[in-house]
Every structure is written in C-alpha cells, then in structure tokens.
Amino acid sequence: MKTYMVKITIDGKELEVPEGTVIIQAALENDIHIPHYCYHPDLSIDGNCRMCLVEVEGMPKLPIACATPVADGMVVHTKNENVTKAQESVMEFLLINHPIDCPICDQAGECGLQDYYMNHGLHNSRIGLREKVLKRKVIDLGEMIVLDTERCILCSRCIRFFDEVTHTGELQFYKRGDRTEIGTYKDQPIDNSYSGNVVDICPVGALTSKDFRFKQRVWFLKGTKSVCPTCSTGCNIRIDHTKGVVFRLVPRRNPEVNKSWMCDKGRMAYPLINGENRLKYPMIRNGENLEPSPWEEALDRVVKELKKIKEESGPEAIAGIASPQGTNEDLFLFKKWIREGIGTSLMDFRVNDEDKKVREMEDSILRRKDENPNTRGALALDLVPKNGGLDTKGILTAVKEGKIKGLYLQRPIDHFPDKTLLKEALEKAEFVVMHATHNGEGMRAAHVVLPSCTYAEKDGTFTNYEDRVQQIHRAFPPIGESRPDWEIFRDLLVHFGVSLSFPTAQDVFLQLSKEERAFQGMTLKGIGDLGRRISS
Amino acid sequence: MREHKKILTANLDDPESHTLKSYEAHGGYKAFQKALKEMTPEEIIEEMKKSGLRGRGGAGFPTGLKWSFMDKKSPKPKYLVNNSDESEPGTFKDRLLMERNTHQMLEGMIIAAYALDVHLAFVYIRGEYTSCIENTERAVEEAKEKGYLGKNILGTGFDLEIIVYKGAGAYICGDETGMLSSLEGKRGYPKVKPPFPAIQGLFGCPTVVNNTETLATVPWILQNGSDTYAKIGPEKSPGTRLFCVSGHVKKPGVYELEMGSPLMELINDHCGGMQNGSRLKGIIPGGPSVPILTAEECDKAILDFDSMKEIGSHLGSGGVIVFGEEACMVRSLLVLTEFFADESCGQCTPCREGTGWAVKLLHPFVEGKGELPDLDLLMDVADRMKFRTVCTLADAAASPIESFIIKYRKEFEDHIANGGCASHSQTQN
Amino acid sequence: MSFELSEKAKKEIERELGRYPVKDSALLPVFWIVHNERGCVDDEAVEYIAGLFDFSAAKVLGVLSFYWMLRRKSAGKYVISLCKNISCYLREYENILTHLQDLLKVQVGETTKDGVFTLQLAECLGSCGTAPMMMVNNRYYEDLTRERVTELVEGWRKEAMTNGK
Ligand SMILES: Cc1cc2nc3c(=O)[nH]c(=O)nc-3n(C[C@H](O)[C@H](O)[C@H](O)COP(=O)(O)O)c2cc1C
Ligand code: SF4
Ligand code: SF4
Ligand code: SF4
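Chains as they are written, first to last, in my numbering: chain A, 1 to 536; chain B, 1 to 429; chain C, 1 to 165.
The following block holds chain A by itself, in its conformation from the complex (with noise of 0.2 Å):
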C-alpha cells in the first residue's frame, strides 16, 4: 500500500510525515519532544496519562498527541500557554499521591516526575502535605524486580509489556480509582525471561532492578553504545559504566532488531566483563602449569614455534579455529593470519553448529539458539572450508593423527560436542596457542595463552542473524594487559612479514569494506547507530 505524505505544522515547523502517524511520533522523529509517560513506541497506544496533551487549531479540547492522527494541514501547538498548563496540571496530580522519596529512590535522575517537582513542586503546599492514599512499597518481585506500588504513577507500560510482548500477563492494576493499585497476583514473583524490560519502561521508581538497586547513582554512570553478544540475534545494548566497571546493561532501541527490548540472559550477562577470573596477562606453559609472562616472550614464542613446524613439516600442519565472539575485524584479520601469515587455508569457525543454530528461534520474542553474536559474520567473511576442505572435526582428527601439529584457537572450544577426540586432539597437538578472555578449563591443553578484551572493551562490528552489521564502541581501556583479537592477528603478521598499518578497528574495517565482497561498500557512518544489511 502506498503511503501518503502528509503536511503538517508543529510549533511553527512545517513538517511532512506519512498519513497516519500520530502527532507525538511526528514530533518526537522531528526533534520535536513533547513530554509523556505512557506513550511507548513499541507498546499498544493507551493514552491514560493525559500528559502530551497538545494544542490543535480547530479543535475545541486539547487532544492527546499520542492518539490523534496527523492531517494534512494541522496546526499543533505543543509549548503554548494552554499546554503548559495542561502539562503543570498533571505532573501536579501524579504528585498528590506520590510518596516523593526522591533522595532514598533508585529511579532518582531518569525520573519523569523528579524534575518537574524540583522546578515547581517543592516549593508548593498545594501538593507534598495532604494526606495522600497509602500503598504497599518495597514489594519483592523475585529475581530482576522490586515493586514500589506507591511511586507507581499508573501509566499501565509494564502491564502492556507483558500483554502484548510476552503475553504473560503477571502485572494488573487491581481495585480502581485512586485507588487503583500495580501488581502481580499475591505478589509471586515475575519469572519470565524478559522482565528486566519493565524496569526500564517504568517511567518512575515502582519497578527498579534488584541486580542494579542503590549500586550507583545514574548521574555517575557513562553509557557506550553496544551490541549485546550473548546471541546471534544482536540486540543493541548502553553499556553503562564508570571506571572500567559495568553496573548495567540496557536496551537501545533498534525498531528493526529488539525494538526496545531485549532479554534477561543478555541483560544479565555483564558480570562477566567485570569477572574476577578475567584473564589478564599472558600465559605460557612451564611444565604442568601456565604461568604469567609478559607480551614480547609470549608472542616470541608463539612466532617461534609455528615457524618451527612450518618450516619443518609445511604450512598444511597448522590450522586455526576462529570463534564467532569476534568481531568481523577480529575475524577478517584471523583470516589473514592463518592465510597470510600462516599460508594455509586450513580453518573453520564452527564449533557446535553454530552456522545451523544462527537463525533459529530460541523463543518466539527475541532470543535465537546460537549464543554467537558473529556468526553470520563469519560465514561472510569465508571462514569455513572449501571444496572438501577439513571443518572443525576434520582439522582436530587429522591434529590426533598427528598430520596437523600446530593449533591455532582464537577462543577455547571445550564446548566441542566429541569431548574424547577433543582431548585425544589436543593431548596429541605439538603446539597450541589460544586467545581466551577469562581463564578457564578451556585453557588446559594450550602452550600460550594470549588475554583477550571482550566486546566492551573494544571497537568493532558484529554481523547478526539477518545479515545486519551493527557497531560496538569501546567502554573503557581493556582490563590488565589484554588486547583485541585483530591486534593480535595484526601484529602476529608482523613477525611474519605481512606488514599492515591498522592503527585502530575503524582502519581495519575500512580494509576490509574493499577486500571482502560481502562488505564491499559499507562505511561506518553508513552502518551509524542501528547497523545496516549486507545486501544479498
């Protein structure tokens, strides 16, 4: 169907947007922000907070922008007198009931409601002394959440969450009037794999984050746009920080990918970038153990030795597995490595069927079963083998037929289904070297061990389940001594006379926007902040 274009007049501003369209989305996608709690873009439109009320010449009452459609030639008014006034009215009303704990509230500096009571409430007597309708605080909703009935401005956001998105249904509003009151049913808590979500939609302090409750003070925080990397469905994600320290993650909104959403296993996999076991130095095998050694001699000795068994037994006794948890950079300079650097084509990326699992649904919301964020990447970039080419299995029984000796794994792969050939291989293998970023059973068989930075800490872009390649930024300077993969690979190179200047991520993708056809054309900028497809 084709769309119309409409014309239309906000503040002065004279705007074309496509019939149908309600006003707070014209305005707000113009720049235009007109101030709301229960309008959600990604939720059913319920118009309960009367707060966007709006002027529109001709009508005779204020309509609500949320839920009246643009038409060609409407005049809206949204800062005006009789709007302000509107507005003022209604952040008064929420106040009446509202316990005002801004100072003990979690929601304290992305609260709706704060700002308004700071500019005009504080001094006011008309609300803050009266009696106010009493409700249930500090109500335990299990894992994620803890409810807060009486901050609640009932704006029905969670209850829309998880009717329309989960159709779980856990959160109603029981009784009516002002006396209307948020909750699950005997409070039993909310176990659904995305209930994290309505911490961030609640525009105030009734639903917070158990994980993230009186940690930090946002204000303190900085956010970094990133991709979460816990599957290949690649929902864009703020990692907010201070200090090298990840206190949360939180959706960023995407329409083509998560929406404003994504899922409590995602959300709460951040720990792992503050883990204690991260690995930090690198490891060199001595005897029984691995143990700390600086840079230079690890990688000398990795140099060393895979130009030992290239120059005795050829380049065709090495191989290398690439791991989807790379970024195309990290992966695309992997590649150069093994070919360039190593000169063989011996490689795969495949450890556990990841190129079957990379689109296939794990529920019906957002998560899918290949917990890689690159794996389609992966299989743009070319990384598995051609023409009867060894693959993952081929390559570790040729290493325990001792026809390969050298291994080259950018992560640990102990969750390789045939454990016995696995160990069988890499008791066999000569000489093993693995990137890992936290230490781990994984590393046992390896001879060197080179720290990795996870995603937070580096540039770079992942390619997800539909082909979208999207960007990660970097949060902060990567923990200890570790690095990103493709500076490794980059300096790998080096020592074997592939001489590259890639100072930093963006000049590898550069490079690789003209090597790699799949990519070809891509900039950056082009990707921006919501990614773009590689064009088929």
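Careful: at least some of the hints might be erroneous.
Here are a few chain A residues that face chain B, going by a calculated C-beta distance under 7 Å [said to hold, decoys possible]:
| no. | residue |
| --- | --- |
| 1 | Gly47 |
| 2 | Cys49 |
| 3 | Arg50 |
| 4 | Lys61 |
| 5 | Leu94 |
| 6 | Arg176 |
| 7 | Gly177 |
| 8 | Thr180 |
Worth flagging that the hints you see were computed from the coordinates, not collected in a lab. The beta-carbon is built from N, C-alpha and C at its ideal position, and this holds for glycine as well.
Starting from the structure of chain A, add chains B and C with the ligands where the hints point.
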C-alpha cells in the same frame, strides 16, 4: 393538570404490562413486523433521522444520525448494545422500562438490529438490577418462543439473538466504551476515541450503543410515523421523556412528560410540590453530571435539550434531584464528589487524582475546618481535571463542584464561619 | 486444591464459555456463576477461572477487583448494602444507617460475629424515588423506615437461626 402524550408508560396500569401477552394486547410487536416486512434498513434509519429522536442516555445525540454512522461496508459482524447500566445517581427510569415495559424495549432492539444489520445484540444491565435482569431474560424467552427472536424471524430471513449481560457494579460501565471493555472481559476502562464504536466497537467490530429509553421509543416512532413524533414538543428536542424525580418532593417517581415542559410543572403538578412545606433550594435536572439550578433558575427552566443548555445546565440522564432548604449543600457536594471518586475508573491522571483530591479538600468543610483558600483550590482542581480525559466522567465530576461552589458559595463560607453546618442536623458522620 | 463446583454450575459455565463471539466475554458471567454458588470469588476460584480462560491469575483478579459487587472473601449470610448517594442522603439514609449499626452492632464494612450480617454502603442503586433504600443480597428494600428495618432484620435473624447459616 396538563395532559401529556404517553409513549413509554401508556399501559403501565396493567399489572401484567411486562408480559408479551399484555404488550401485544395493547398493540405491541406490530412496528417491528412492519419494519422487517415492509421497510429497508435505510428507510428505517431515514425515519429515525426525520423523527428527530435524541439519545436518552445523557448526551442527547441524534439517534438516526448515530445509526447512519455504523460502518455498513465492514465485512465484520456488527453489534448492538442496549445500555441498561443506569447508574447515574437519581436516575431510575430504565429500571421502570425493564420491569414494566420490557417488550417495548426488546421490540426497539429488534428494529434497531434490523436497521443496523446486527444479528447479535446485548442488553447490558447493571448487576444490582436483579429484577430487571430476570424480567428481561424472561421476555427474551417469550419473544423467542413467539418467533420474534432467533433464526429467520417470522419468515423474513432475518436472524437475531439477544443476550442479557449482567454487570457487576461499576458506574463507568455506563459509558459506552467502558461498557464495551466490560463486555470484552476486561476492566471497564473507557477507550480512547477515535476510533468511535460505530467504526471499531465491540471486539473491534462496528457497534452501536443506545440507551434503553431510546430503544424503547423506536417502535412507537415506526408505528405512528416520524412526523407524528417530531410534532411532539419542541422542534429540536421532540418526543416525550422519562423524568426521574427524587429528593425533597412529595411524590418522587418516574414521570413521562412531553419535552419542552416547564421544570416546575414536573415538580408542582406531577410530584405534588415540595415535601413537608419545604422551600426549594435547587434542582439538579439531569443527574449529578450536570450543573445544579438555583430555585430562581428552576422557575425559568424548560425541559428540553437546548433550553437547558441555554440556562447553563443539561437534560442529562433525566435524573431530577430536588434539594429543599433543609439540604446541606456542602455535605451534598461531598456525597456527589465521593461518588465520582469511587467510580472513576482511574485510568486518566486528572480524573483519578482530581476526584480524590477534591474529596480530601471537601472533608474539612463538612467538618467545619474548611479554609477559604481551599474553596478556590477546589475550583481550580475542578477546572484542571475537565476536558482532558478519556471519557467525560472527569467533566461530570467537575460540574457539581463548580456549580455548587459558585451558586451556593455563601453556604460554604458559612460553614467556615460557623465551624460546620449551623442550619441543619445532617452533618454527622 | 479443594476447589469444586456443582454440576449445575459447571454446566452453566460450559454454556457461557461457548456463547460469545470471543470467549473473553464469558468472564463476567463466569464470575457470577461462581459468586452465586460460593458467595465470593476467592483465590482458588480466581486460579480456576484463569485456567478456564488461559488468562494469568493477575488478569482475572484485575477484572474481578474492578467491580464492587464481586467479593473476594465470603461475607455474612445477609449482605446489607445501604445506598449512600444523593437521593438517599436527601431522604436521610443516615438515620437508617445508625439504626442498622445499633441493631447489628457492627460498623460499616464489618460482619456480625455470628456471621449472619455484613453491613456496607453502596453508591446509587437506582431506587432514588423510593429512598432511602438498601439492597440485601440481590433484593431491593425501599422506602425504608426504622420500623421496617427492625422488622426485616428480626425476620432474617430468625431465619438464620432456624435454617443455620
Ligand atoms: C460516566 C458515564 C456514565 C454513563 N452512564 C450511562 C448509563 O448508565 N446509561 C446510558 O444509557 N448512558 C450512559 N452514559 C452515556 C453513554 O456513554 C452513551 O452516550 C449512551 O448510552 C448512548 O445512548 P443514546 O445515544 O441512546 O443516548 C454514560 C456516560 C458516561 C461518560
Ligand atoms: S509500575 Fe511503572 S510502568 Fe508500571 S504502571 Fe506503574 S509507573 Fe507505569
Ligand atoms: S535476545 Fe540475544 S542479543 Fe538480545 S539481549 Fe538476549 S541474548 Fe542478547
Ligand atoms: S475520565 Fe475518569 S472515568 Fe473516564 S476514563 Fe478517565 S479516569 Fe476513567
């Protein structure tokens, strides 16, 4: 006493008036046969338009026009809902119809359904009205047995089923979209408009909601002709209307009067004047959702939609509430404001918080602890809650606050000066 | 769970569930069937009904609690709902209220110790021409006087005594 035409209460002297037998004996169930056999839906709607009938549910919206808005082209099923929720304080006329003239209401529904291409209609009756529910259910059975409802009615090929639906106690379900939410098994929240029910109503299908009295008037119009109807009463508010009189009159009750009658004719001639020789203080002419009239205004008031509007009130629900001099207006306002606060569905911020706030502000006045600035604050709260909400309950709630304080301000001030209600004893509690 | 409904109620529920264009409409009718049989829609009933409709229990309770007539806990055998709205106020329902409180020795919202009466106030019940009035269970008693109320209450007391609660 002046004679009034009786359209809705002509046969109520018959103790069996609620039965199909009695209704037919008095000429009932002829109009719908004429409609189904001789008229097209368009002709019926045209007749309704010409009759000038305006809805009796409160807003006075022209019925023919409302029917013509029904989205006829929609491939979805269409529904008719008879609004028998009657919960506006002081209103008890639909109850009379359901208890005593049930079949006239049903006949009106059949005609409306035929005109609107409806095959499933609902009578939504407030849950408190047990006798009405039982009566209506019985009447539906009677009509079914007679072949007036069901499949292929009287061989015309028209099917209609009527379901009696029992509410469970919520004034807001009288609002047409609140009623639809309730029928959909949800909390009775009124819906944001547009879309209007005629386009997207019950389950998203085109729906017409009409008041019980409106529907009960329909058979008479078809039977006697729209022009005959249009000639009764004033041109723009034709017909008769059921007025429910309560409060300090000698003979409270439901009276059917022609539109355009003077308010005081209703009070003096029909209701026998004030009880116990009391002096009139004021009258709410159409349920508490409309502004009160002072005694002086009452003298001039004419009972039709436009005249009422001219003197600053409304015909509303037909609930005429009479205040004698013994009534405490401060306490009365609290009673009414508490009602709106109790019954606000609570969706919209201004209504939910405003009604509750007003109640809190009024309490001290009743207790004799009121302060003058709070009187202005009350006016301001009323002003800030109206015209900004999903349904008109907030406007309705503002109406007594504003009209009582403006028109009986002295009484509020006296309460402050005297530390309570000096003139009457009804200040306890 | 000991939740059991009579065969009759189950049949009625069955009928309601299949009666409407969208099943959800049967929610209120089902509330009433359960309420008529048990005198309330308690938590067990809420959970049972949620199962019938494939709703969350929260959704069922949300709808239930919207309507004043539907109780979550059982009350006295005779639930007296005295109208407190304007027409009854003008006709001095408060005299009837104090009288009822004296007779029953309970406050508004309470149930007598013997479990026979619950006293509550109601908004307008549509009986304004015959004010003051009260609804007892589902019947209306209009044009109330103190004498009439005494008579009624005595009658119910007797009946409760002879028939048990
Ligand atoms: C709060 C509120 C309560 C209402 N209650 C009733 C009611 O009890 N009965 C009724 O017929 N209309 C009531 N209405 C009006 C209905 O919304 C609707 O306008 C009416 O049923 C239309 O019927 P009519 O066109 O025949 O008048 C109410 C409106 C509001 C806002
Ligand atoms: S808890 Fe928050 S999101 Fe939910 S209704 Fe209340 S204010 Fe809105
Ligand atoms: S769905 Fe996948 S990408 Fe989205 S938040 Fe969950 S784990 Fe992360
Ligand atoms: S105005 Fe009041 S009753 Fe009407 S929808 Fe809003 S809150 Fe509910």
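Taking 7 Å as the limit, does the beta-carbon of A:Arg50 come near enough to a beta-carbon in chain B? Nearest chain B Cβ about 5 Å off; hint holds.
Does the nearest C-beta of chain B fall within a distance shorter than 7 Å of the C-beta of A:Thr180? 4 Å, holds
A:Cys49 as an interface hint toward chain B, with CB separation required under 7 Å: 6 Å, holds
Answer holds if the nearest beta-carbon of chain B is closer than 7 Å to that of A:Arg176; otherwise answer violated. 5 Å, holds
Should the interface hint for A:Leu94 be scored as holding, given a Cβ-Cβ cut-off of 7 Å against chain B? 6 Å, holds
Please verify that hint: A:Gly177, Cβ, nearest Cβ of chain B, below 7 Å or not. Holds. Min distance 4 Å.
Holds or violated: the hint that A:Gly47 contacts chain B, with Cβ atoms closer than 7 Å. With a minimum Cβ separation of about 4 Å from chain B (threshold 7 Å), the hint on A:Gly47 holds.
Quick check on the hint: A:Lys61 CB to chain B CB, less than 7 Å? 5 Å, holds
Figure legend: structure checked against the earlier numbered hints; every hint is met.
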